[in-house]
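Peer 1: Here are the chains, one letter per residue:
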Amino acid sequence: MRHLLGIDGWRREEIETLLDRAEAHLPGGSASTPVLQGKVVANLFFEDSTRTRTSFEMAAKTLGAQVLNWTAQGSSVSKGETLLDTVRNIEATGPVALVIRHRSSGAPHLVARHVRCAVINAGDGTHEHPSQALLDAFTLRRHWGPLDGRTVLIVGDILHSRVARSNILCLRALGARVVVCGPPTLLPVGLKELGAEVTTKLDAALPHADAVMCLRLQLERQTESFFPSTREFARLFGLTAARAEKMKPDALVMHPGPINRGVELAPAVADGARSVILEQVANGVAVRRAILEVCS
Amino acid sequence: MSGLVLFRRGRVIDPRHGIDGVRDVLVRDGKVAEVSEAPLQVSGAEVVDAQGRWVLPGFIDLHVHLREPGEEGKETILTGCRAAVAGGFTAVVAMPNTKLVNDSALVTELVLSRARAARLCHVYPAGAITKGLKGEELAEMGELVSAGCVCITDDGRPVMNASLMRRSLQYATLFDIPVMVHEEDLTLSGKGAMTEGPTATRLGLLPIPPSAEVAMVARDLVLLEETGGRLHIAHISCEGSVRMVREAKRRGLNVTAEATPHHFTLDDTAVGQYDTHAKMNPPLRLRRDVEALREALADGTIDAIATDHAPHGVLDKQVEFEKGINGVVGLETALGLTLALVHDGVLSPSKAVELLTHGPARAFGLPGGHLAVGAPADVTLVDPAAEWAVDAERFFSKSRNTPFNGRLLKGCVTQTWVGGRLVFSNGQIQEAR
Chain R
1 MRHLLGIDGW RREEIETLLD RAEAHLPGGS ASTPVLQGKV VANLFFEDST RTRTSFEMAA
61 KTLGAQVLNW TAQGSSVSKG ETLLDTVRNI EATGPVALVI RHRSSGAPHL VARHVRCAVI
121 NAGDGTHEHP SQALLDAFTL RRHWGPLDGR TVLIVGDILH SRVARSNILC LRALGARVVV
181 CGPPTLLPVG LKELGAEVTT KLDAALPHAD AVMCLRLQLE RQTESFFPST REFARLFGLT
241 AARAEKMKPD ALVMHPGPIN RGVELAPAVA DGARSVILEQ VANGVAVRRA ILEVCS
Chain V
1 MSGLVLFRRG RVIDPRHGID GVRDVLVRDG KVAEVSEAPL QVSGAEVVDA QGRWVLPGFI
61 DLHVHLREPG EEGKETILTG CRAAVAGGFT AVVAMPNTKL VNDSALVTEL VLSRARAARL
121 CHVYPAGAIT KGLKGEELAE MGELVSAGCV CITDDGRPVM NASLMRRSLQ YATLFDIPVM
181 VHEEDLTLSG KGAMTEGPTA TRLGLLPIPP SAEVAMVARD LVLLEETGGR LHIAHISCEG
241 SVRMVREAKR RGLNVTAEAT PHHFTLDDTA VGQYDTHAKM NPPLRLRRDV EALREALADG
301 TIDAIATDHA PHGVLDKQVE FEKGINGVVG LETALGLTLA LVHDGVLSPS KAVELLTHGP
361 ARAFGLPGGH LAVGAPADVT LVDPAAEWAV DAERFFSKSR NTPFNGRLLK GCVTQTWVGG
421 RLVFSNGQIQ EAR
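Chains R and V, in that order, give the protein sequences.
Note that the numbering used here gives residue 276 to position 276 of the first sequence, counting from 1, and the numbers run on in steps of one.
Note that the numbering used here gives residue 84 to position 84 of the second sequence, counting from 1, and the numbers run on in steps of one.
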């Protein structure tokens with residue numbers, strides 16, 4: 001049993017072993033044994049999710065586990081129950097792993113200090129989303145082989161993005177170069193220490209990228225004046241069809257979803273030939289099967 | 001009790017009078033009666049063998065939250081006073097942000113009467129700047145001062161309204177009391193949970209930029225220059241603030257500042273993996289800020305070490321980091337952390353003692369803080385060589401919220417005397433009979 005709280009602290013070999021294992025979990029792969037037969041995996045979603053929750057559910061079920069799907073909505077959270085009380089009560093029903101999504105950074109770390117079963121971080125606040133980064137790296141690896149020397153450009157709201165943090169750590173660990181790009185108000189200090197290069201000039205960065213990962217723009221950030229309007233954001237930092245022309249011919253387009261179509265990503269690019277967005281989703285199940293196998 | 005106590009052959013450090021050497025100190029009727037290089041022979045005196053000990057003026061903490069009235073589960077005036085004397089403090093200034101805000105004589109008198117009943121150390125109440133700490137209207141400063149308040153502050157909150165802040169400085173000149181300020185521009189700190197920097201970015205915690213503090217320090221120094229009052233900056237934490245205070249002092253402005261042991265000891269990395277015990281306001285800053293504070297303690301820019309002793313319950317801290325309540329208890333670890341600066345060569349012993357005694361006394365115009373003949377016999381004995389590990393379970397405070405649990409410290413308080421009466425000795429509180 002081990003936790004997956006973040007990519008932070010995982011060594012390259014550990015990540016590669018997990019990705020190798022995920023290969024075996026692809027449809028038709030060698031890892032068909034229901035290793036979680038008779039066990040329960042609890043999905044604890046304190047925050048909404050489509051992809052991550054269904055993906056973990058599918059992964060657990062296809063490994064033979066029963067899945068407890070718990071959401072904050074309609075729970076005792078509204079009665080003021082604390083996070084620790086909630087998870088301790090769910091732990092008492094006997095799951096082998098808790099898959100947790102929470103709006104507060106570090107919530108899975110707090111839980112992991114107080115439960116005995118495995119804790120898998122399915123996205124915590126603006127901190128990390130490790131399973132997303134692993135499936136992104138897995139997707140890139142299937143296209144490229146080793147990531148060494150490749151450049152991945154991450155565009156958008158870096159400040160509030162857990163996907164960006166996990167990807168910077170994961171891609172760097174695997175030998176890729178990571179460049180992040182966004183308006184200065186959404187670029188936190190200390191990104192260099194995380195291993196990323198930082199730019200605000202999207203058009204200059206695009207021709208050097210082997211993959212471009214657009215992040216979802218949280219529209220409520222506009223009211224907090226991180227940028228003047230979504231219109232202006234799209235003009236300066238959106239991956240439009242015209243901008244996509246500046247990319248290398250074989251560069252890949254990624255997005256963790258859900259997409260604000262026409263804001264950070266033009267529909268023609270999202271659905272275009274270079275987009276691997278649905279591959280990311282499909283690969284997510286195999287990667288999460290590997291995660292559950294390692295952590296349970 | 002004869003009223004005669006003789007501290008024999010201790011190393012007396014009295015920075016106000018430039019004394020640092022072996023002396024005998026005689027106390028009579030609660031006051032210092034004689035300080036002598038030659039051994040004294042006094043019949044009928046209770047003799048305290050202070051060889052190998054430092055004999056110091058009792059420490060004065062300008063910034064303590066005693067939580068009573070209103071949050072007695074966290075601390076009471078009695079338990080807070082126990083923690084104070086166990087930490088060598090003979091006087092504390094009690095912050096007004098209790099659950100009944102100290103914005104009236106009624107609350108001031110309650111604090112004073114509970115403190116008298118505790119009979120351990122001096123408690124000086126601080127009154128609120130604004131009614132209910134709401135930042136809207138001035139509290140009745142005259143009433144607060146006559147009831148016994150020694151300063152006014154909305155600590156825990158800034159006075160965001162600049163005009164109100166200006167008037168509070170002006171109005172306080174009537175009473176010649178310091179206006180103590182918690183410097184935080186709330187529009188800059190926003191929803192931030194820790195200081196801006198690589199740790200906040202790695203942990204995905206929303207950042208509080210240093211400008212949230214520095215901009216308010218700048219504002220208030222500008223206001224002070226116009227009003228001519230007395231400004232005391234609480235828990236200064238940033239390099240930028242230090243620079244401004246240094247410059248303001250050089251220009252002769254009537255400003256004083258305090259720093260907390262946690263801010264001059266720990267940097268942002270102490271948050272580790274979301275340790276809420278390292279969550280406070282202002283937040284732990286970057287290493288260069290810690291270095292700037294240490295320099296400012298040494299060069300006199302900072303007048304006092306104050307703990308911002310802020311007791312909280314276990315449940316207040318055992319939550320998601322961003323929900324975690326701000327604050328740490330500090331009375332019982334202050335001396336050890338201050339002496340760490342001496343061991344590190346940052347401060348001389350005399351400067352360290354000054355920052356705990358005469359510095360705060362001078363900043364607020366309080367009695368004590370020195371050991372001249374006639375001074376109150378508030379005396380703290382320190383064993384400078386004793387090594388010990390912080391054990392929060394053994395705190396006299398009701399609360400355990402410290403980021404220093406388990407930390408090894410060198411130097412501990414062996415006895416505390418207030419007004420010539422022993423109130424703490426070798427790990428035991430000496431309750432009044």
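Treat the hints as calculated values from the structure; they're not laboratory data.
Some hints could be false.
So, partial list: chain R residues that the calculated Cβ filter (under 10 angstroms) puts toward chain V [what the hints assert, rightly or not]:
no. : residue
1   : Leu83
2   : His102
3   : Ile158
4   : Arg162
5   : Glu224
6   : Val263
Given the structure is predicted, the values throughout are model-derived calculations rather than measurements.
Where a beta carbon is used, it is the ideal one built from N, C-alpha and C, also for glycine.
Peer 1: State for each hint whether it applies.
Peer 2: Status of each hint after checking the structure:
Using the Cβ-Cβ criterion of 10 angstroms, the hint placing leucine 83 (chain R) at the interface with chain V is satisfied: the shortest such distance is roughly 6 angstroms. For histidine 102 (chain R), the shortest C-beta to C-beta distance to chain V is roughly 7 angstroms, which falls under 10 angstroms, so the interface hint holds. Because the smallest distance between the Cβ of isoleucine 158 (chain R) and any Cβ of chain V comes to about 9 angstroms, under 10 angstroms, the interface hint for this residue holds. The restraint placing arginine 162 (chain R) at the interface with chain V holds, with a minimum CB-CB distance near 6 angstroms, inside the 10 angstroms limit.
Interface hint status for glutamate 224 (chain R): upheld, as the beta-carbon distance to the closest one in chain V is roughly 8 angstroms, under 10 angstroms. Restraint check, valine 263 (chain R) versus chain V: the minimum CB separation of about 22 angstroms is more than 10 angstroms; hint violated.
Checked against the numbered hints above, the structure breaks only hint 6 and satisfies the rest.
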